[in-house]
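Participant: Keeping their order, the protein sequence lines are chains C and G.
With the numbering used here applied, the first sequence covers 30 to 363.
With the numbering used here applied, the second sequence covers 4 to 168.
Derived from the structure by calculation, the hints contain no laboratory data.
Model, not experiment: these values are computed from the prediction.
Possibly wrong hints are sitting among the right ones.
In silico contact screen, one side only, chain G against chain C (beta carbon under 10 Å); selected entries [what the hints assert, rightly or not]:
hint	residue
1	Gly13
2	Val16
3	Gly55
4	Lys131
5	Glu146
Cβ atoms here follow ideal geometry from the backbone N, Cα and C, with glycine treated the same way.
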Amino acid sequence: MSWLTPEVIDILFAVFQAVVILLVAVIAGALLSFVERRVLALWQDRYGPNRVGPFGSLQIAADMIKMFFKEDWIPPFADKKIFTLAPAVAMGTVLASFMVIPVTDTWGVADMNIGILFFFAMAGLTVYAVLFAGWASNNKYSLLGGLRASAQTISYEVFMGLALMGLVAQAGSFNLRDIVEYQAQNLWFIIPQFFGFCTFFIAGVAVTHRHPFDQPEAEQELADGYHVEYSGMKWGMFFVGEYIGIVLISSLLVTLFFGGWHGPFDLLPQIPFIWFALKTGFFIMIFILLRAAIPRPRYDQVMSFSWKFCLPLTLLNLLVTGALVLLNTPAAVN
Amino acid sequence: MEFAFYFSAGIAVAATLRVITHTHPVHALLYLVVSLMAIAMCFFSLGAPFAGALEIIVYAGAIMVLFVFVVMMLNLGRATAEQERRWLTPRAWLGPSVLAALLLVELLGILFHQPGGAMIKGTLVDPKEVGVTLFGPYLLAVELASMLLLAALVAAWHLGRQDKE
Numbered sequence: 030m031s032w033l034t035p036e037v038i039d040i041l042f043a044v045f046q047a048v049v050i051l052l053v054a055v056i057a058g059a060l061l062s063f064v065e066r067r068v069l070a071l072w073q074d075r076y077g078p079n080r081v082g083p084f085g086s087l088q089i090a091a092d093m094i095k096m097f098f099k100e101d102w103i104p105p106f107a108d109k110k111i112f113t114l115a116p117a118v119a120m121g122t123v124l125a126s127f128m129v130i131p132v133t134d135t136w137g138v139a140d141m142n143i144g145i146l147f148f149f150a151m152a153g154l155t156v157y158a159v160l161f162a163g164w165a166s167n168n169k170y171s172l173l174g175g176l177r178a179s180a181q182t183i184s185y186e187v188f189m190g191l192a193l194m195g196l197v198a199q200a201g202s203f204n205l206r207d208i209v210e211y212q213a214q215n216l217w218f219i220i221p222q223f224f225g226f227c228t229f230f231i232a233g234v235a236v237t238h239r240h241p242f243d244q245p246e247a248e249q250e251l252a253d254g255y256h257v258e259y260s261g262m263k264w265g266m267f268f269v270g271e272y273i274g275i276v277l278i279s280s281l282l283v284t285l286f287f288g289g290w291h292g293p294f295d296l297l298p299q300i301p302f303i304w305f306a307l308k309t310g311f312f313i314m315i316f317i318l319l320r321a322a323i324p325r326p327r328y329d330q331v332m333s334f335s336w337k338f339c340l341p342l343t344l345l346n347l348l349v350t351g352a353l354v355l356l357n358t359p360a361a362v363n
Numbered sequence: 004m005e006f007a008f009y010f011s012a013g014i015a016v017a018a019t020l021r022v023i024t025h026t027h028p029v030h031a032l033l034y035l036v037v038s039l040m041a042i043a044m045c046f047f048s049l050g051a052p053f054a055g056a057l058e059i060i061v062y063a064g065a066i067m068v069l070f071v072f073v074v075m076m077l078n079l080g081r082a083t084a085e086q087e088r089r090w091l092t093p094r095a096w097l098g099p100s101v102l103a104a105l106l107l108v109e110l111l112g113i114l115f116h117q118p119g120g121a122m123i124k125g126t127l128v129d130p131k132e133v134g135v136t137l138f139g140p141y142l143l144a145v146e147l148a149s150m151l152l153l154a155a156l157v158a159a160w161h162l163g164r165q166d167k168e
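Take the sequences, apply the hints, and build the full model.
Facilitator: Okay, here's the thing in structure tokens:
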């Protein structure tokens, strides 16, 4: 076994990590569709899917079999190339964002010093999925959904970035590992960056097109918006992509504001993965609870809330944080 | 690193060529997005990930979305593609491209005759250095750019204003 040098083992382990994180993200996303339906039903005093398998747990298998064997139909009036490209963009960009998330001390795909910016870059590219799907379908409901989605995503991404800049100024790094370490030594960012947390959470919900920000696919008005012409696995990729987006935003919230893999008060440092999974699960549940609890606002309300309330709030937050950081920094010695 | 640079640079050139030659506006914009991402990859391979990420966030993620948005609203159909095809006759582009190709040959000749320029070393420029440089020696340029943006903002507000009677 002469080729099995330490470097090769390192590379193999890194590849193994990446594959495991990818698979966990996809499987968690797929399972979420079942979990969401069950939990929503519980909160709304219904049964939910409970026929297939114990407690309906095989419903997901039934859904997958249906989705895989459905005819993969491309409407004759659609732009075939872009129609096929859109779902791949939807899923690919979200999965690529998982690259920068540090799961535990030793687990994580890429340790980039521009971590957060890479996430924003991928979030910026996600718009194209909806935009192209809406346009390529050549359907007025799809186009309206695509237009709504792109306007909404651009507006919310503006302050999504600004919401995190206060946190970056405090931690002094874009690197997510450094941010987690900073939180372990000081406070978790939920306390000093409370407004940053609120605005980032709202923006996260809006960017994943979840309730109450699901205007792009509002059933009552747009008959499902940008993916109305999709079927089979192409639709499945949009569907699973949305759930993976929820997992992504939840794990980012945990990493950025809730100390990542550390437990509260440094409890039980032996189980970093469990802490991370528990906290991420908590935020996923909040996402689902939001869907159960809040009605959908009107579209112009969504836009004016973004520009007139959230953007000034994040700017103020950044200003105050910057002033405090400057106040606490000893004067630079040239 | 050098291979990564030339590979992404080649993709950028090819994609940009397709932007110009494609007759379908939305497909051409898609190629432009690819070209911008290839340029971002160039920055990454040169060791400037901050610039690369900003390139994607600002150009591919925001400005190009607005371009695509507008083109979609215009609903350009087959007629525009036909018109483009009529405009893109070889007679129109052959002369300028021959001349530009001559210039390219000249540039390549000079590049290959100059001995040993700076090679791609793969040193990493982290965001902090970029910030220190921007707000140190280049402070004036940053302020000027911000004033320009403010002027654009005011102009946009003026154009979009609704007069209430």
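Participant: So, for every hint listed, does it hold in this structure?
Facilitator: Right, here's what the structure says about each hint:
1. Gly13: Since chain C brings no Cβ nearer than about 21 Å to Gly13(G), farther than 10 Å, the hint is violated.
2. Val16: violated, 21 Å
3. Gly55: holds, 8 Å
4. Lys131: OK, holds: Lys131(G) within 10 Å of chain C, min 8 Å.
5. Glu146: violated, 17 Å
Hint check: violations occur at hints 1, 2 and 5; the rest are consistent with the structure.
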